[in-house]
Amino acid sequence: MTRIACLLIMNEPAGNEPAGNEPARPALLQVALAHSPRVEDAGAGLIYLDASGLEGLFGDESRLAARLRDAAAAVDVEIRVGIAESRIAALAAARLGSGVTIVERGGDAAYLAPAPLSLLDLPEETATRLSRWGLRTLGELAALPTAGLFERLGGDGVRLQRLGRGEDPRPLVSWRPGPLFEESAALEWGIETLEPVVERLRELAARVCARLGAAGLAADGFEWTCRLGDGRAHEGALTPAVPITDADSVGGLLRLALEARPPRGVVEALTFRARPVRFAPAQESLTDRSRPAPRLLTATLNRLVALVGADAIGAPALLDTHRPDAVVLAGYSSEPSAPRRDSRPPIPLKGVSQHPPSPLGGEGRVRGDTLALRRLRPAPPASVTMASGRPVAVRSARLAGRIVAGVGPWRVSGEWWSPHPWLQDEWDVELADGTLCRLAHDGSAWRLEGIYD
Amino acid sequence: MAIPIESSPPPGWEREGIDGLLGLFPPGRLSEIVGPRSSGSSSLLLALIARITTSGSQGGGQVAFVDGMDALDPASAATAGADLSALLWVKCGGRLRVGLSAADLLVRCPGFALVVLDLDELGPMPASAHVRLQRAVEGTDTILITRSARHREGSPASLILATRRLAPHWMGLRPLTRLAGLRSEVSIFRSRSSHASREGRWTLDWTL
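Read top to bottom, the protein sequences are chains A and B. In terms of the numbering used here, the first sequence is residues 2 to 454. In terms of the numbering used here, the second sequence is residues 63 to 270.
Read the hints as simulated data drawn from the structure, not as lab findings. A portion of the hints provided could be inaccurate.
[To be verified] Derived, one-sided and incomplete: chain A residues facing chain B with beta-carbon distance under 8 Å: (1) Pro293; (2) Val405; (3) Ala406; (4) Asp429; (5) Ile452.
C-beta: ideal position from N, C-alpha, C; glycine also.
All chains should be built: construct the whole structure from the sequences, respecting the hints.
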């Protein structure tokens with residue numbers, strides 16, 4: 002007779018959390034797998050394992066349950082354990098019991114009889130229907146005539162009734178941990194200089210990349226650990242712009258990363274691991290423009306990061322606010338972006354290779370596009386002279402002059418409901434030398450926001 | 063036959079519009095835009111970026127913008143029609159050498175349709191850097207453009223466009239109410255490219 006153990010995580014927000022968002026579950030899955038060869042990840046803080054035939058290893062079921070609780074506590078997870086012949090009875094034992102609850106053999110139906118119907122995780126419509134019938138417990142559901150239940154609820158009704166009787170024919174869906182793409186090397190002698198460390202890590206990276214390639218995977222992140230002679234560990238990580246599996250690229254990135262932050266001490270052991278992802282290469286189109294190759298782009302971006310810093314490179318993304326200059330740098334990828342939501346059609350480019358020299362013959366008056374503003378970051382303070390409520394002269398570190406024309410003030414403000422409201426009056430002014438610029442006054446001081454160009 | 067008034071362009075306007083001007087920039091060559099403040103040079107760059115990033119059925123080309131003075135306004139670029147996700151923005155914090163190195167790296171990464179080195183008042187760049195960039199972009203499909211406030215003699219650029227401000231457009235009578243745009247002039251300062259005219263002058267109306 003099969004025996005099922007249910008592990009219910011108690012110090013996790015079980016229930017509404019999406020699968021994969023619980024940091025404790027992976028650790029508990031490993032704990033379960035260390036005790037039984039068949040483990041099911043039921044999501045939402047629930048794990049089932051096949052507890053049959055484990056007596057020879059761990060003793061009776063109470064000893065097994067105590068062992069599971071201790072092992073879970075060792076990884077900071079508090080659990081309740083229920084053991085029964087069916088999943089539903091084991092779940093009821095874990096949910097309704099305290100600590101460890103073991104349902105005796107052949108006693109599932111009797112144990113489930115007083116359990117509430119909510120244990121079945123019923124659809125709302127079915128729950129309402131059963132409630133209108135006056136059913137409250139699994140025992141009441143189990144006692145209904147099966148034929149009548151089938152007439153009213155169909156096959157689902159019969160399945161629910163069987164669950165209420167502790168009959169759960171569905172086998173465990175085995176969970177297997179994903180392949181671990183990790184390579185380690187213990188060094189015979191400690192290494193003090195950087196170059197041999199880089200070379201050994203490149204060898205490990207090449208082996209990991211070969212395994213990734215054989216599995217048809219790529220990696221979107223790499224990590225390494227250098228165990229130092231004094232017991233400390235030097236850890237590093239890199240994230241390529243696109244998932245890659247090319248050993249040369251990874252080696253190049255490794256070298257850049259280690260040169261930027263080398264291990265401080267004698268290295269005695271190395272570990273290199275990759276975060277695998279399934280990466281389907283996009284089909285290139287004959288009609289589209291070429292894009293930077295992922296390998297070259299990754300190397301270029303990493304060199305640029307080393308040159309300007311990680312916070313000074315990326316694809317600009319506008320924030321959903323009217324605050325001036327509200328922009329962040331998002332990660333840049335050369336992959337085609339999703340179709341734009343606005344209805345503006347693509348603007349055709351009359352490239353040099355597609356059409357002859359300008360038909361204007363080098364002369365003409367043409368309609369331009371948008372007038373660009375050049376931002377001054379940070380906006381320098383400005384000294385503005387006012388006359389009759391209008392600015393007539395400006396002086397700042399970037400420019401100074403008499404104002405010959407100007408419009409304003411245009412007040413912009415927002416986020417008054419938040420702890421950081423903002424407000425400023427903007428003026429567009431023309432200086433005597435023809436410069437068009439934007440001035441802003443935030444109630445206390447003037448700033449030179451930018452120059453139209 | 064009567065012509066609907068909406069389909070009739072104003073006198074002097076060309077159907078090709080600004081595209082004829084933007085098509086002058088030769089791939090695989092160094093081009094230069096030179097102009098003082100408020101002369102429309104940045105607007106010209108944004109118009110080119112907008113066209114390149116939005117052309118093509120599955121998205122446009124990739125553009126790298128090396129920003130010497132951190133002056134790019136992404137909101138202006140978006141208003142001009144640029145696809146910001148196809149724009150790699152490299153901020154150099156006012157460091158000329160960093161900007162030159164970044165542009166050099168990007169030009170040597172094939173696949174970018176356009177690489178812009180916006181030096182503004184950081185320039186003019188050293189002649190050696192000019193030559194290095196020119197050599198790096200040769201044989202590629204990349205359009206390389208530098209923008210600076212002043213022109214340096216001896217530049218190896220194949221195309222040099224000079225921009226000049228003409229007049230701002232204001233809305234409203236007295237008192238004025240809004241800045242509506244800017245009229246500027248673009249002229250071919252020098253052209254060694256077989257694709258472009260040797261001489262030319264365009265008047266451009268930029269709108270805000």
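Consistency of the hints with the structure:
no.: 1; hint: Pro293; verdict: holds (3 Å)
no.: 2; hint: Val405; verdict: violated (10 Å)
no.: 3; hint: Ala406; verdict: holds (6 Å)
no.: 4; hint: Asp429; verdict: holds (4 Å)
no.: 5; hint: Ile452; verdict: holds (5 Å)
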